[in-house]
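> Following the hints, complete the assembly by docking chain B onto the known chain A.
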Amino acid sequence: MDMSQIKDTLGDAQAVDIDSAVSVRNVSKNYGEVEALRDLSLEFPRGQLTSLLGPSGCGKTTLLKIIAGLLDATSGEIEIDGKKITGPGDDRAFVFQDFALLPWANVMRNVSFGLELRGVAKSEREDIAQKYISNVGLTGFEKAFPHELSGGMRQRVGLARALSVDAQVLLLDEPFSAVDEQNRRKFQEDLLELVRNENKTFIFVTHSIEEAVYVSDQIAILLPRPSRVSEVIRPKEFRSTGVENIRRSKEYLDIVDQIWSSLRNYVE
Amino acid sequence: MTLFGYKLPGMSSLILWALIWELVGQSGWTFFIPPLSEVFVTLFNVIGTPAFSKAIYETAYAFLAGVFFAVVIGIPVGILIGKSRLLDELILPWVNIFLSAPLTALVPVLMVLFGFGMKSIIITTTLFAIWIIILNSRAGVKQINRSLVEMARSFGASPLDAFFKIYFWAALPEILGGVRIGVIRAVKGVIIGQLLISIVGFGALFELYSNNFMMSHFWAVLIVLFALAFTLSEFLAYLERRVSYYASSR
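Just so you know, the sequences run in chain order A and B.
Counted the way numbering that gives the first Met the number 0 counts, the first sequence spans residues 0 to 267.
Counted the way numbering that gives the first Met the number 0 counts, the second sequence spans residues 0 to 249.
Okay, chain B solo, but in the shape it has when bound:
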């Protein structure tokens, strides 16, 4: 965007919104929105505290473990159902059901099955992320150029070779797209898990701050969480762009 002939850098609109936030906060219109400057002051005070370090560790642990399982299970399952008609018929309906199901409603069931600890939170995170990863990996394999598969076969590729040297790479642009959306969903999953299953990590902080009306603390943690999720998502978008040169010519 250009303004008065100057080219504005990306996301300059955030400055405008930050200003509006600050003004609304300063006006004292509602306790719910403290001035942004106050939020940032709180943010820097909070970041060093042991409670925050513990929260970020617990959240990062559950998040990374959840995403790890979603990726490690989701990509191969997606590729397999993309390749096999039979597996596709068997598994795809479930993937679609879980993709659109309100997973939060399942969390109490998970608590019964897996207890109130970290295990349930990790499983919740995985469940939020995995379906879109499966679906996208499947879509990536579905659009593969048949002659690439024939080429590999004609040169004597084993099924394992074909999997790692053809299918995975051919589906990579879609896979990365799926992982990016999955990661964003996993952020939701981990926080919902931490709010509903056991009050730990960022979930605990949200609970604590909102119950005690510590709104600047609340917003500070939310900003940290948003920044982390945004950075991850942008990193994955960058990887996607790295492979986009061949996405159009497969």
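In isolation and in its complexed conformation, chain A is listed as follows:
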């Protein structure tokens, strides 16, 4: 089995026979002569959050967009629940780094836009959107336009839009990188809550080591030129402690250090 070849540093036991929601099998991606991804394989356990972490240019966003169906792999395949994907689908929802909100539409229309594209009737989709608007704490801003909101609030709109289509896989492309530090911490805590409550599979791209370790059930370290998975780390202990204790746990600090020591050679 492929998984056995991946060095599983901290959580050896779980690696075998996991229930995968998303499987990436031998995916390569070339841009002309340039190899962005080479023969990359990775399993994403159901109901958990997996981070793709690596230095810039390691192809983590490329991989995410291939999983989303926005880019075609040169070879290899992506399976979701054992079904090979051929393009974007109802089973996945994307959260964008730059939010990708419609600037001419208010919060309500933006949050319900995914449902609108899927042909859900107006009253029904607004009911659903309303629920997620209040879930992300934007009640009262339904009529506001994106340019009237702060960066953090805009990303809450993007998150609510992705949640409202009720896809089982959520793809997040550096969602908090354009958000200020304090909002980012709040987002990270909220994300942990979401993973616990929503029973969805999260794939999370980030370049922040601390962020990856803080929010992830599984961290895949990608190394560049061409990209491949160098290791998969599964934190064990601090996941069960409360959110306020994570950053103090010894395991958290050890993993952060360990990742940094393997990545530091790749940082120019």
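Incorrect hints may appear among the rest.
[What the hints assert, rightly or not] Capping the alpha-carbon separation at 27 Å, the derived lysine-lysine pairs in BS3-like fashion look like this: (1) B:K118 / B:K53; (2) B:K53 / B:K141; (3) A:K83 / A:K64; (4) A:K185 / A:K199; (5) A:K249 / A:K185; (6) A:K185 / A:K121; (7) B:K164 / A:K64; (8) A:K130 / B:K164; (9) A:K199 / A:K121; (10) A:K199 / A:K130; (11) B:K82 / B:K141; (12) A:K249 / A:K235; (13) A:K64 / B:K82; (14) B:K141 / A:K121; (15) A:K142 / B:K164; (16) A:K199 / A:K64; (17) B:K141 / A:K64; (18) A:K121 / A:K142.
[As the list claims (entries may be wrong)] Listed next, with one range per pair, are the computed distances between beta-carbon atoms: (19) B:R240 / A:S122: 31 to 39 Å; (20) B:I96 / A:L70: 35 to 43 Å; (21) A:T240 / B:S243: 47 to 55 Å; (22) A:D71 / B:V242: 29 to 37 Å; (23) A:G150 / B:R240: 49 to 57 Å; (24) B:I198 / A:A143: 37 to 45 Å; (25) B:G9 / A:G150: 32 to 40 Å; (26) B:F97 / A:S40: 38 to 46 Å; (27) A:D126 / B:S99: 49 to 57 Å; (28) B:S99 / A:E34: 40 to 48 Å; (29) A:G150 / B:V23: 54 to 62 Å; (30) B:A138 / A:E34: 50 to 58 Å; (31) A:L70 / B:E88: 21 to 29 Å.
Please keep in mind that the hints were generated in silico from the structure rather than gathered at the bench.
It should be emphasised that the depicted structure is a prediction, and the values quoted were computed from it without experimental measurement.
In this text, a Cβ means the ideal position worked out from N, Cα and C, and glycines have one as well.
For chain B alone, coordinates are given in the frame of chain A:
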């Protein structure tokens, strides 16, 4: 602008120019410039006449039809060439050629092709307006935020959905700018058409008045035409301002 501490309303300078016009007219310096007051008197006399109603109807008909075709063809073509590299390579050179070409020189060709009637005038009007509309719609699509397109695709938008729900709205500020300039060019087009192709509408009035040295009539019709064009252009500028709140944050 403020004058002696008073804030002047917009376009107060027109009052100054109107005064100068009146003085020059009253001085009898040249028959070409009758006093402005006389022009306005003529204007109110002319407006009710059947000849004027007929002229304004013929001109408005050709103008609106010409602008309609320019908008309905120009916007989709602009959006399409903005989206497709191939169409862009094929069509853009022609758009640039026609945008800068002296279209008046083409009018005789149009007369040969489409006859001496309303059809040729409408086509002339469209030809004056359409190129800048295509070019601006294209520019609007070119600057679209890629992640908006990806967002629509990731949520399963069909190409038609993407066209009407993303591309059109994202390009709207530029499109409206193009339509505004196109409308101003269409005014030129319709008058040139009416002067060169068949002497009807305002073109006929200009021809009639200037040939008979009826300068106050001539100026009266020109003022009406200017006022109409200005009102249209201001209305479109108002629409542009309505969407400018998102023009900077796309």
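> Note whether the CB distance of I198 (chain B) and A143 (chain A) lies within 37 to 45 Å or breaks it.
Check failed, 57 Å falls outside 37 to 45 Å.
> Holds or violated: the 32 to 40 Å window for the beta-carbon distance between G9 (chain B) and G150 (chain A)?
holds, 37 Å
> Is it true that S99 (chain B) and E34 (chain A) lie within 40 to 48 Å of each other by Cβ?
Holds - the Cβ-Cβ distance for S99 (chain B) and E34 (chain A), about 46 Å, lies within 40 to 48 Å.
> Hint check: K185 (chain A) vs K199 (chain A), CA-CA at most 27 Å. Holds or violated?
holds, 20 Å
> For the hint 29 to 37 Å, verify it against the beta carbon of D71 (chain A) and that of V242 (chain B).
With a Cβ separation near 35 Å, D71 (chain A) and V242 (chain B) satisfy 29 to 37 Å, so the hint holds.
> 21 to 29 Å was suggested as the range; check whether the CB atoms of L70 (chain A) and E88 (chain B) agree with it.
Distance hint for L70 (chain A), E88 (chain B) holds at roughly 24 Å.
> Would you mind confirming whether the straight-line C-alpha gap from K142 (chain A) to K164 (chain B) stays at or under 27 Å?
holds, 19 Å
> Please verify whether K83 (chain A) and K64 (chain A) have alpha carbons no more than 27 Å apart.
Distance of about 15 Å is within 27 Å: holds.
> K249 (chain A) and K235 (chain A) were given as a pair; does the straight-line alpha-carbon distance stay at or below 27 Å?
Holds, at roughly 11 Å.
> So does D126 (chain A) sit 49 to 57 Å from S99 (chain B), Cβ to Cβ?
This hint holds: roughly 54 Å between Cβ atoms.
> Taking 27 Å as the top limit, are the C-alpha atoms of K64 (chain A) and K82 (chain B) close enough?
holds, 21 Å
> Falls inside 49 to 57 Å, the C-beta gap from G150 (chain A) to R240 (chain B)?
violated, 26 Å
Of the numbered hints stated above, those contradicted by the structure are hints 2, 6, 14, 23, 24, 26, 30, listed in ascending order.
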